[in-house]
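Residue numbers (numbering that gives the first Met the number 0), protein chains in the order written: chain A, 0 to 358; chain B, 0 to 396.
These are calculated hints, taken from the structure and not from any lab test. By construction, the Cβ of each residue, glycine as well, lies at the ideal position given by its N, Cα and C atoms.
Below, a sample of chain B positions facing chain A; criterion: calculated Cβ distance under 8 Å:
no., residue
1, I146
2, G147
3, T150
4, D379
5, C381
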Amino acid sequence: MTQLLGGMPIMADLPGWAFTLIAMSGVGIILLLSIAVAVMIFSWAERKVAAYIQSRYGPMEVGPWQGTLQPIADGVKFLLKEDIWPTGADKPLWRLAPLLIFTGAFLSYVVIPFGPNFIGAKLDVGLFYIFATSSIVVVGIISAGWGSNNKWALYGAVRGAAQVISYEIPLSLAIMPIVLHVGSLNLGEIITAQRGWFVNWHAFGNWGSHGFAGILSLVSFQISLWIYFISSLAEVNRVPFDLPETESELVSGYHTEYSGMKFAFMMLGEYADVFVVSAIAVTVFLGGWYSGIPVIDRFVPAPLIFVSKSLFLVFVQMWLRWTLPRLRVDQLMHVCWKVLIPITLANLFLYGLLRTALA
Amino acid sequence: MNDTSAPLRHLPATREGDAAKPIKSELLHINMGPQHPSTHGVLRLFITTDGEVVHNVTPYIGYLHRCAEKIAEGNSYHQYIVYTDRMDYLAAMNCNWGYCLAVEELLRAGGMEFEIPEYAEYIRVIIGELNRIASHLIAFGTYGLDIGAMTPFFHALREREAILNIFEKVCGARLMYSYYDIGGVKWDLPDDALEEIKIFLDLFPDKLKEYDELLTGNKIFVERTANVGVVDAATCQDYGCTGPVLRGAGVSWDLRRNDTYSIYDRFDFDIPVGKGLVGTVGDCWDRYWVRMQEMEQSSRIIQQAVERLPARGECMAEMPKNLKAAPGELYTRTESPKGELGFYIVSDGGPVPFRCKTRSPAFHNLHVIVKAGQGQMISDLCATIGSLDLVLGEIDR
Chain A
0 MTQLLGGMPI MADLPGWAFT LIAMSGVGII LLLSIAVAVM IFSWAERKVA AYIQSRYGPM
60 EVGPWQGTLQ PIADGVKFLL KEDIWPTGAD KPLWRLAPLL IFTGAFLSYV VIPFGPNFIG
120 AKLDVGLFYI FATSSIVVVG IISAGWGSNN KWALYGAVRG AAQVISYEIP LSLAIMPIVL
180 HVGSLNLGEI ITAQRGWFVN WHAFGNWGSH GFAGILSLVS FQISLWIYFI SSLAEVNRVP
240 FDLPETESEL VSGYHTEYSG MKFAFMMLGE YADVFVVSAI AVTVFLGGWY SGIPVIDRFV
300 PAPLIFVSKS LFLVFVQMWL RWTLPRLRVD QLMHVCWKVL IPITLANLFL YGLLRTALA
Chain B
0 MNDTSAPLRH LPATREGDAA KPIKSELLHI NMGPQHPSTH GVLRLFITTD GEVVHNVTPY
60 IGYLHRCAEK IAEGNSYHQY IVYTDRMDYL AAMNCNWGYC LAVEELLRAG GMEFEIPEYA
120 EYIRVIIGEL NRIASHLIAF GTYGLDIGAM TPFFHALRER EAILNIFEKV CGARLMYSYY
180 DIGGVKWDLP DDALEEIKIF LDLFPDKLKE YDELLTGNKI FVERTANVGV VDAATCQDYG
240 CTGPVLRGAG VSWDLRRNDT YSIYDRFDFD IPVGKGLVGT VGDCWDRYWV RMQEMEQSSR
300 IIQQAVERLP ARGECMAEMP KNLKAAPGEL YTRTESPKGE LGFYIVSDGG PVPFRCKTRS
360 PAFHNLHVIV KAGQGQMISD LCATIGSLDL VLGEIDR
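Chain A on its own, in the form it takes in the complex (with noise of 0.2 Å):
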């Protein structure tokens, strides 16, 4: 992006904040409707997915062939819909709940590689940036909760903020491991760390650089996949661990006095957040741009690989919310305290272990 505007003649003029100004603002542009766009697609999918295994259509109707023009119909009536403020809300907070956590989804496609040149930032401390700004989904969690002036969008404001926060231990502690394989927090390095046949992967022990020890990191590496998993599933508020909306219990959870655009931006800032968790899992995990087969490399964009293979984790996402019950409360903290970080800890103590002895 830099690289093309610098060569247009009347941008090389610019002094240089303002040529810097006007290329992030172009990135921002660009990064925010691809994620309107893709959320439009997840939500058509997610309905289609849900209908395919509920033995139903879904939408069919609106557009030419199954229903594909949905979304926008929905986007129009979020658009008009009225703007309802619950009496006694906290206007401040109210306001600003959707915006925070659409923020804290948003910030996160700033790093994702799509490409080797399809990155918006190349950070070294790429990883360490997604989870730190995907907290701020949290405080957005607690204000809508707040500030609506419900109790039921308290309970789940709460249920989300304890959940949120404890499941980012295991969810980072679990790719521990791989990085200190890599030796990098840069998303970028991580993954050309496992080019070449999809035994580099590091879901299969990345064999390249460990030889005959792949074996043991394949152990180690499968673990920290399944925990990430597991993990990200509650980061983004996904059954079985979708306590914070129990459309059965809590009628809607956070955001039950959300309406129109508010609402909208909160869905958005949802299914953008469900696409970040499979994109990092692709980056760490799953190789990332690479198809896991040299000669199809060569020829298929890396941009095309990465998204195909996080499309498939999200339709995975997709596929066990409709198929799992949803855990309790108090199940799901003793998940996650009790089992996943010990075996996390575990997992990294040993793994440490292993890189000393063999190096």
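Chain A is already provided as a structure; the job is to place chain B on it using the hints.
The following block gives chain B in isolation, referenced to the frame of chain A:
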């Protein structure tokens, strides 16, 4: 809403320096319902909570009250049949049956002599058991919703749809049938209805297996329902709980067997009782499991009834057009899908009942929530309500 008269609790101070100013906390009062996704209609539960833990549950009912019992006093015995449809709208056939049986018994007690044709009795059993399956399917599906699994609901509705199609062929209606009449059933089974019932019976066992795979053995489902909302046999007796709630508590009590009516003594079927297979006897899972087993037993009964169905004949007894029961009173009970459905009819000899009291099973089953709900978490409360299988139309009448 935050009632200031609520009991204030003083949590113990966590550090020594805090002893002077203990943290004050209040119990939170919340209205769960009348518009709430897991109260299955317009039930309102007033709950007092401390965080996620429920301290007190008080059910408030009456949002669906339609004065059915008063209406009975102004209508003839025939006219009231349509009102019984609207009691347990998920098992309207069984409500019709309970009422018609009550009137028939009252007439017999008053000295009137008539015989319900055997053919009609078989039709009554077939249709009644089909409706029991339909009602349990809804209970199963909505219970999945309460626990957070949405898919079983759609699978259950698919099979219920097949049953409703049969009912539509039989009587033209899909929800409010009024098919049973005093002295038999209103119409004969149409030609193809029996075929459809047979097809349904062939397919249904596979569907039951599918449900088991989806929900019954699911680890999360078991975690959510085992040892939750335990209602033991003594509590059932105290609160008058019947049906799957009582059987889930391990008591083998089914009016079809224990106080047999119609022709149920001719069929071979088991009465499933809760055994505490995954937890305590009488927990939510047991009640759920009893319903799943009952669907199997009901299809067994239908199978036998279809096989032994007598040759086509009259489906109504010879009854006078204007019924007048001799003065007297009688309580007649039947086993509806929810439990003991009883009609207590007092006649003063006129064309309308003097009093027609309904003993609805869900009304009695509901109130056990006051005891079972104490000390639970909010999620467990939803699971318990779902496992009681409440129908508000029947509770409020």
